[in-house]
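Novice: Use these hints to put chain Y onto chain F, whose structure you have.
Below, each chain spelled out in residue letters.
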Amino acid sequence: MRTLKIEHNIKLQLFLLFVVILFVYKIFFYSSDSFLLNTLNEIIVFFAFLFLALYANDVFASKKFNPMSLVMNLGILNAILFLAITFSDSFLTLIFGKVSDTLKNPNIIFSVLSFVYVTIFAAIIIQMFLIFKEFYFLNQKRSSSVYFNTMVFFFLLASVSSVFNLFPDLSYIKNTFVIISVILIVINSIRISWIAFIVKKEKISLLLLSVIICTLFIVNLVNSTDTNTHHRIFNEFSGSLGAFFRILMIYGSVYFAVLFFTTLFHIPTAEAFDRKAQEVSSLQYFSKLITRVLDFDELAETVTDIALKVSNADAAWIIWKEEKTLRQLAHKNIGYLDAELITSYIFREKFLKDTGTLFTESLRKFEKRSQLNEQYSAVAITPLKTHNQLRGFLVVAKKGDFIFDDEDKSAINTFSDYASVAIENSRLLEESIEKERLEKELDVAREIQRKILPAKDPVFDKLAVSSVFIPAFEVGGDYYDFFEIEGNMPGGQAGKFGFIIADVSGKGISAAFIMAEVKGIFESLSKTIESPKEILTKANQILKRSLDRKNFVSAAYGVIDFEKEILSIARAGHCPVLLVREGKVENIRPMGIGLGLNYGTQFQTSLEETEIDLKENDLIVLYTDGITEAKNLEMEDFGEKKFENILIKHSGKNVDEISNEVIKEITLFSKQGTQHDDITLVILKWKHKIKNVSLGEVPSPDGMEKKNG
Amino acid sequence: MAEFSTSIKDQSGVSVVYLNGYLDAHTAPMLESNFSELISGGKFKIVVNFKDLVYISSAGLGVFMAFIEKIRENEGDIKLTTMNDKVYNIFDLLGFPLLYEIYKTEDDAIKKFVETDKLGK
Chain F
0 MRTLKIEHNI KLQLFLLFVV ILFVYKIFFY SSDSFLLNTL NEIIVFFAFL
50 FLALYANDVF ASKKFNPMSL VMNLGILNAI LFLAITFSDS FLTLIFGKVS
100 DTLKNPNIIF SVLSFVYVTI FAAIIIQMFL IFKEFYFLNQ KRSSSVYFNT
150 MVFFFLLASV SSVFNLFPDL SYIKNTFVII SVILIVINSI RISWIAFIVK
200 KEKISLLLLS VIICTLFIVN LVNSTDTNTH HRIFNEFSGS LGAFFRILMI
250 YGSVYFAVLF FTTLFHIPTA EAFDRKAQEV SSLQYFSKLI TRVLDFDELA
300 ETVTDIALKV SNADAAWIIW KEEKTLRQLA HKNIGYLDAE LITSYIFREK
350 FLKDTGTLFT ESLRKFEKRS QLNEQYSAVA ITPLKTHNQL RGFLVVAKKG
400 DFIFDDEDKS AINTFSDYAS VAIENSRLLE ESIEKERLEK ELDVAREIQR
450 KILPAKDPVF DKLAVSSVFI PAFEVGGDYY DFFEIEGNMP GGQAGKFGFI
500 IADVSGKGIS AAFIMAEVKG IFESLSKTIE SPKEILTKAN QILKRSLDRK
550 NFVSAAYGVI DFEKEILSIA RAGHCPVLLV REGKVENIRP MGIGLGLNYG
600 TQFQTSLEET EIDLKENDLI VLYTDGITEA KNLEMEDFGE KKFENILIKH
650 SGKNVDEISN EVIKEITLFS KQGTQHDDIT LVILKWKHKI KNVSLGEVPS
700 PDGMEKKNG
Chain Y
0 MAEFSTSIKD QSGVSVVYLN GYLDAHTAPM LESNFSELIS GGKFKIVVNF
50 KDLVYISSAG LGVFMAFIEK IRENEGDIKL TTMNDKVYNI FDLLGFPLLY
100 EIYKTEDDAI KKFVETDKLG K
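Chain order of the listed sequences is F and Y. Residue numbers for the first sequence follow numbering that gives the first Met the number 0, so the first one is 0 and each next one is one higher. Residue numbers for the second sequence follow numbering that gives the first Met the number 0, so the first one is 0 and each next one is one higher.
Looking at chain F on its own, in the form it has when it is part of the complex (with noise of 0.2 Å):
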């Protein structure tokens, strides 16, 4: 049959042109004694079906079918045959009278109405015979279709040699050619593989269908004989027709008392044989979720669902692991106090223990099982782990009277293995998209800190002003900024320099908006108030509306009247502010509590404000603990005493130098370790008498100190 290799459009054409001719031709001979006709008829009936069956062929070999359909397809047809063989002679008669009469001297209504019929079931008989070879072909593991074509071969000679049936003496031919087609037919009919691809309860149904099928083949088959009205009509119009359903009646038959008897076996393990390819498809299902699945808790989820396929169980959960308790989750068909009065019994002594194992538990003797709403029976717990290292548990129970057997046991734990691995896999995305995340807060804070310091240092006729800002990986929450403040100086310079350092505690994006804050606090503050006490208490009351309990500011703010030549500071629990002078350090210390700390008067009565006379050559630096507590290798700290006299050393030096050699020493003390706060300087060195400036530095006429860097 396939090497006819005919368009599909072609044998739609051809078919409908046989049909054509068949008509034509029963018009004029409905049915014949005469050989030559009888042969004629057949050749005409065979090319105009064979055609339709390629036809539809084709239309069937698109699709993908499922074996129930089919059987139930099949079922339905040969229903259909049943209903109008049995009424045939009852019906038919009604319309065409005694039929051997009519066939003897058909008129045309009867050729016209009979064709039709014919042609309808027809029709039905090739859909059965094609639903036959798509049986054939499910799950066949074998290419070759060599059996089946070598069959359909004979079932064609078996219907076509019945145009000797008016020779009583060759009946042998058409005989042994239906003996072979039997034969054929058991032989085909004996593996039937695809009744083992269905799950249990359609191998049930299709015990029963296939009785039913059975029986219609069977009782289709003996009633088609002569007697048969529906029969009669379709031998007289075409004998090899006629032939070719009988055949496939036959075929019937055997092939669904065989499926019978297949499907009968097979049930038996049919149960194993679902779950197995339950556990496989889950697994399959859940391996190539876990690359998707991001969520924990979705994956938790997940978990339990596929738990509970795998291992028939009725309920199931997770046991979470997590720093000091248990957390309970996922919970799938189970209440959680059912699922927490479980836990409990099973963890009552070995609780917690990496028992290394899935083990299983018995709720019989469970005290408490009363309490439960569900009986639940039995329980296998099975450990989640991730590196060797014990997560939790994966646990499901069973009701009634079931108990957990090897098949069970051994699914829930590869699946376990499965579910560690995603579990693993979900902590690691998590955590990496954690520190990502973190990365960028990180960078987002560090340029709000780079924005909200100043840009660059003020330049005075009597002080020069140098600051340097490094900051830490977690950005430490330094601030230090510059105020001019309006007064009557020649040249038209501020009369008065505030400057505040501060220090917010905590770390990152959080310590970043604080120090936004204080800016703006400060900034407006600065332009109102000259007295540092004053600045600072009423900073401290305005950081009440912002400030978390937890957090504070330490700072300290100071004025530098030009005029007077008097620096006035207060210290808000910030680091001393240092004033070098004549070779030596002192700590200008006034009392203070940091920002925030207090919001009631014990902050402004220990406030104190300290003046001080500024002298030729003054130092006054202002830093944060970000230098004094830099660490090295062995986590010493860098410490006041050394910062100390290092400004003592490089005191002659202008401001830009004193600070690159702090900076240089604290480099060269930490080495490779890392920085673990922001480190702030700066330093003010107080220059009134311009023209009797030691180191013999040549004075600019305009009397500014000249900046490097």
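For the record, the hints were derived by calculation from the structure and aren't laboratory data. If you're wondering where the values come from, they're calculated on a predicted model, not measured in any experiment. Hints are not guaranteed to be accurate.
Capping the alpha-carbon separation at 25 Å, the derived lysine to any residue pairs in SDA-like fashion look like this [claimed, not checked]: (1) Y/69 x F/213; (2) Y/85 x F/470; (3) Y/50 x F/632; (4) Y/50 x F/633; (5) Y/103 x Y/118; (6) F/630 x Y/87; (7) F/518 x Y/110; (8) F/563 x F/597; (9) F/630 x Y/23; (10) F/320 x Y/69; (11) Y/85 x F/320; (12) Y/69 x F/597; (13) F/583 x F/610; (14) F/641 x Y/21; (15) F/630 x Y/90; (16) F/630 x Y/2; (17) F/320 x Y/33; (18) Y/85 x F/632; (19) Y/110 x Y/86; (20) F/434 x Y/118; (21) Y/50 x F/628; (22) F/320 x Y/36; (23) F/641 x Y/91; (24) F/537 x Y/91; (25) Y/69 x F/545; (26) Y/85 x Y/36; (27) F/543 x Y/69; (28) F/434 x Y/23; (29) F/455 x F/516; (30) F/641 x Y/87; (31) F/630 x Y/86.
Specialist: For chain Y alone, coordinates are given in the frame of chain F:
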């Protein structure tokens, strides 16, 4: 990172919290949960022993601030004891001695609690 641990013991109705190691932004949550547990357990008389504390950062200091209000509302207190010079200096700079009672020894702090109790009665 630097290590940090705490332990708590109960002595004549006073909870003594021992700090060990480095208290910074990363380890502060541990001490925070210690305080939360004490408070939820109705224990408001707390002495913190700094004997084995090597370092405290601003985030570490913040922990004390976070709970002090609640504790004092409940007629309790956090008293700090046995600080080494370096740690004391950090507290001192920020003005903590004005806000907290700081004692040389653990016993002094406990004694103070007991005395206040007697006075209260």
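Novice: Hint by hint, which ones does the structure fall short of?
Specialist: 1, 7, 8, 10, 11, 20 and 26
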